[in-house]
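Go by the hints and put chain B onto chain A.
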Amino acid sequence: MATDYAIDVHGLVKRFGNKTAVAGVDIQMPRGEVWGFLGPNGSGKTTTIRMICGLLRVTEGTGQCLGYDIRKDAAQIRELTGYMTQKFSFWTDMTIRENLEFVARLYRLPHTRQTVDETLETLGLTHRQHQLSGALSGGWKQRLALAAVTMHDPKLLLLDEPTAGVDPQARRDFWDEIHHLSLKGMTVLVSTHYMDEAERCDRIVYLAHGEKIIEGRVPDVIDRSGLLTFRGEGAGVRRLADDIKHEPGVEHVAYFGSALHVSGRNRAAIQAAIDKHPTDDVSWNEVRTSLEDAFIALSAEAGEDKRVHA
Amino acid sequence: MTGLFRSFGRIWAVFMKETVQIRRDRLTFAVMFGIPIMQLILFGYAINMNPKHLPAALLVEEQTPIVRTMVQSLRTSDYYDFVMQTDDPRETGDLLARGEVAFVVSIPSGFTRKLVRGERPQLLIEADATDPAAASGAVAFAQTILTDALRHDLKGPLASLAAGPPPFDLVVHQKYNPEAKTSYNIVPGLLGVILTMTLVMITAIAMTRESEQGTIENLLAMPVKPIEVMLGKILPYVVVGAGQTLLILLAARILFNVPFIGNPWILFLGVSVFVLANLALGFTFSTIARTQMQAMQLTFFFFLPSILLSGFMFPFRGMPEWAQTIGEVLPLTHFLRIVRGVMLKDTSLAQLQAPILALCLFTAVAVSIAMLRYRRTLD
Chain A
1 MATDYAIDVH GLVKRFGNKT AVAGVDIQMP RGEVWGFLGP NGSGKTTTIR MICGLLRVTE
61 GTGQCLGYDI RKDAAQIREL TGYMTQKFSF WTDMTIRENL EFVARLYRLP HTRQTVDETL
121 ETLGLTHRQH QLSGALSGGW KQRLALAAVT MHDPKLLLLD EPTAGVDPQA RRDFWDEIHH
181 LSLKGMTVLV STHYMDEAER CDRIVYLAHG EKIIEGRVPD VIDRSGLLTF RGEGAGVRRL
241 ADDIKHEPGV EHVAYFGSAL HVSGRNRAAI QAAIDKHPTD DVSWNEVRTS LEDAFIALSA
301 EAGEDKRVHA
Chain B
1 MTGLFRSFGR IWAVFMKETV QIRRDRLTFA VMFGIPIMQL ILFGYAINMN PKHLPAALLV
61 EEQTPIVRTM VQSLRTSDYY DFVMQTDDPR ETGDLLARGE VAFVVSIPSG FTRKLVRGER
121 PQLLIEADAT DPAAASGAVA FAQTILTDAL RHDLKGPLAS LAAGPPPFDL VVHQKYNPEA
181 KTSYNIVPGL LGVILTMTLV MITAIAMTRE SEQGTIENLL AMPVKPIEVM LGKILPYVVV
241 GAGQTLLILL AARILFNVPF IGNPWILFLG VSVFVLANLA LGFTFSTIAR TQMQAMQLTF
301 FFFLPSILLS GFMFPFRGMP EWAQTIGEVL PLTHFLRIVR GVMLKDTSLA QLQAPILALC
361 LFTAVAVSIA MLRYRRTLD
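Residue numbers (full-length UniProt numbering), protein chains in the order written: chain A, 1 to 310; chain B, 1 to 379.
Bound-form chain A, shown alone (with noise of 0.2 Å):
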């Protein structure tokens, strides 16, 4: 049945004039589960989700989301979803509390005062909440924005970069929230550029130049990637980067803190080129990749954006 799926999206292409912005990604995410989007920037995860959640026509393709038509059932699909803009879209000349209350009213919550003192409550906003919306901080905007689109209790919960700009610890609470609201049963789907964030998604799609790269959970992600990857530490691998980047078999050198990643396909090679220049001061060893370079590695594969662009 079709309705296993909380998205359930096939070959959806998005252009704007002639520009393509998503050309053709099928998404098939069962219910319940958290699944993490990602891409890099203006590869088509914005579009994607808007118009998964009826923001913007679909030019082609068909789909349901929650059971519901993308193309005809946006306003059936607008009372089961929550949605999170990128920028923070709550209106800053009103108080937290107004804010809540407006989005309670508007989903005709019933006892309004009472659900919004909950959530409140369950923010840890109570004492602020006559303080305007937009003299809150980064953090606190995006609690107050998780909490307003959660508030009617939706299936589908639609989190487009939602940590962006966000101090780490507040980072970690917001995961917290999102896996506290998809223990509830909610579906989420997040989009993000932070590796850490994705490692917690039971799944993870690779949107690159509005295509999808590659699915899947992450150690399968980073298995598929072919990658090895030798880290180098010490003080001398600042000076090592630029040229062993240029040796044969090398795929790509990324720094991870003050350690180097070295990754290739072949081991031999890679060994190879980390032999050519042998320094006093750098100890290397044989890691397991990360999904940071897995992402690179597919990012490089996926070559020129091929869309066309006005």
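Keep in mind that the hints were calculated from the coordinates and are not lab data.
Positions of the beta carbon are idealized from the N, C-alpha and C atoms, including for glycine.
Honestly, I wouldn't trust all of these hints.
To be verified - Under 8 Å between C-beta atoms, here's a sample of chain A residues computed to sit facing chain B:
#1 R50
#2 L56
#3 A75
#4 R78
#5 E79
#6 T85
#7 K87
#8 F90
#9 L106
#10 L109
#11 F230
#12 Y255
#13 H277
#14 W284
Stated by the list, open to error - Here are the simulated lysine-lysine pairs, DSS-like style, with alpha carbons at most 25 Å apart:
#15 A/K212 / A/K87
#16 B/K225 / A/K72
#17 B/K155 / B/K114
#18 B/K52 / B/K175
#19 B/K52 / A/K87
#20 A/K141 / A/K184
#21 B/K233 / A/K87
#22 A/K141 / A/K212
#23 A/K245 / A/K276
#24 A/K19 / A/K212
#25 A/K19 / A/K72
#26 A/K155 / B/K155
Stated by the list, open to error - Far from chain B, by Cβ distances over 10 Å, these chain A residues were calculated:
#27 G54
#28 S89
#29 I213
Here is chain B on its own, set in the frame of chain A:
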């Protein structure tokens, strides 16, 4: 010296940036040139401070060569356009009340006989003085026009009549505003002007603010229909409009002593439809403009002809045909007929049917356009 040079360099940088931004905002650019052109045309061609060709009705109870001469002279004077002739005073009274004619010229039966006998019969001109300016020219010249015309006819045995005072007695009734007070005309009109300006502007901004601040994305993602958004946004301003109306009516009474002789409920109905028409228009503007700035410009672009072509500042019937046609499209034109009619003339609901229906039609069209243009998506 180098400090000055550097300063010029920076001024140049800002100048170039501003030029780029002005070019990018097409609507602003169009408004900057559209407004002066509109002003030139309206002030240059449409507005006439000494209006001629005002519609008039003729109430004649006898047809004699002398009467014909007199009527003909008024007609050729360019001041009076006789749109109808009758011998039924009820008919002319109705025309005057509805504002379809500015004058009624009445020549009673027996006029010629009395004139020939030298009894100086009365000739009556009733002028709609709700707009004193419109009536003044035509009334002022009537005596001269008629006397001059008769001079040719009064020959032979009648020559003696041509010599003395005019052989007839011209009676002018400044109807509805006997003292010809300008404030009687302006203050009720001001009610319409103020409602137009504030309500169109406020609603025009209301929706563009959502787009400009990005909150539109949130609004669109929530289950609320366009008509629900429109009504929800407009209704608070209906209350604002009611407050403004009350304020102006009180001021009209207390400060300016403008009479209110008609039925307040008819005015209430008129104001209600007019307020809705303006709010619907403002909402339509807000679906066209992308920024609050553009919404303001559109409002101003609409406000200018509303003031000039509606009959608020200048006599409506004194304008050329094309300007009157444009004026008929503006809600203010119809509202002025209602408000002046009710307050000064005690016009009945039946007589105000046309302007009220016109306002309803305007509202319906504006709402339809707004609903068609309202974006349900971010496309």
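Now for the hints, and whether the structure bears them out:
Interface hint at A/R50: satisfied, since its Cβ lies 6 Å from the closest Cβ of chain B, which is below the 8 Å cut-off. Interface restraint check: A/L56 against chain B, minimum CB-CB distance 5 Å, threshold 8 Å, status holds. Evaluation of the A/A75 hint against chain B yields a held restraint, the C-beta minimum of about 6 Å falling below 8 Å. Of the supplied interface hints, the one on A/R78 holds, with its beta-carbon coming within about 4 Å of a beta-carbon of chain B, less than 8 Å.
Checking A/E79 against chain B by beta carbon gives a least distance of about 5 Å; that is within 8 Å, so the hint holds. At its closest, the beta carbon of A/T85 sits 5 Å from a beta carbon of chain B; the interface hint therefore holds under the 8 Å criterion. Checking A/K87 against chain B: minimum C-beta separation of about 5 Å stays under 8 Å; hint holds. The interface hint given for A/F90 holds, since its Cβ lies 6 Å from the closest Cβ of chain B, which is under the 8 Å cut-off.
Checking A/L106 against chain B by beta carbon gives a least distance of about 5 Å; that is within 8 Å, so the hint holds. At about 12 Å, the closest approach between the beta carbon of A/L109 and any beta carbon in chain B exceeds 8 Å, and the interface hint on this residue is violated. Hint status for A/F230: violated, given a least beta-carbon distance of 45 Å to chain B, over 8 Å. Because the closest C-beta pair between A/Y255 and chain B is about 35 Å apart, greater than 8 Å, the hint is violated.
Using the Cβ-Cβ criterion of 8 Å, the hint placing A/H277 at the interface with chain B is not satisfied: the shortest such distance is roughly 47 Å. Evaluation of the A/W284 hint against chain B yields a violated restraint, the C-beta minimum of about 49 Å exceeding 8 Å. At roughly 24 Å between alpha-carbon atoms, A/K212 and A/K87 fall within 25 Å of each other, so this suggested pair holds. The straight-line distance between the Cα atoms of B/K225 and A/K72 is roughly 14 Å, inside the 25 Å bound, and the hint therefore holds.
The hinted pair formed by B/K155 and B/K114 meets the criterion: a straight-line CA distance of about 16 Å does not exceed 25 Å. A hinted pair counts as satisfied when its Cα atoms are at most 25 Å apart, and B/K52 with B/K175 qualifies at roughly 19 Å. Using a Cα cut-off of 25 Å, the hinted pair B/K52 and A/K87 is violated, with the two alpha carbons roughly 61 Å apart. Restraint check: the Cα-Cα separation between A/K141 and A/K184 comes to about 23 Å, which is no more than 25 Å; the hinted pair holds.
Of the pairs offered as hints, the one joining B/K233 and A/K87 holds, with about 24 Å between alpha carbons and a cut-off of 25 Å not exceeded. Distance hint between A/K141 and A/K212 is unfulfilled; the C-alpha atoms sit about 31 Å from each other, more than 25 Å. Proposed proximity of A/K245 and A/K276 is supported: the alpha carbons are some 12 Å apart, at most 25 Å. With a C-alpha separation of about 18 Å, the suggested pairing of A/K19 with A/K212 holds against the 25 Å cut-off.
Distance check on the hinted pair: A/K19 and A/K72 sit about 24 Å apart at the alpha-carbon level, within 25 Å; holds. For the suggested pair A/K155 and B/K155, the alpha carbons sit about 101 Å apart, so the restraint of at most 25 Å is broken. At the 10 Å boundary, the C-beta of A/G54 falls inside the reach of chain B, the nearest C-beta of that chain being 7 Å off. Separation of A/S89 from chain B is inadequate, the least Cβ-Cβ distance of about 4 Å not exceeding the 10 Å criterion.
Listed as outside the interface, A/I213 is consistent with that label: its C-beta sits roughly 25 Å from the nearest C-beta of chain B, beyond the 10 Å cut-off.
Hints 10, 11, 12, 13, 14, 19, 22, 26, 27 and 28, counting from the list given before, are not met by this structure.
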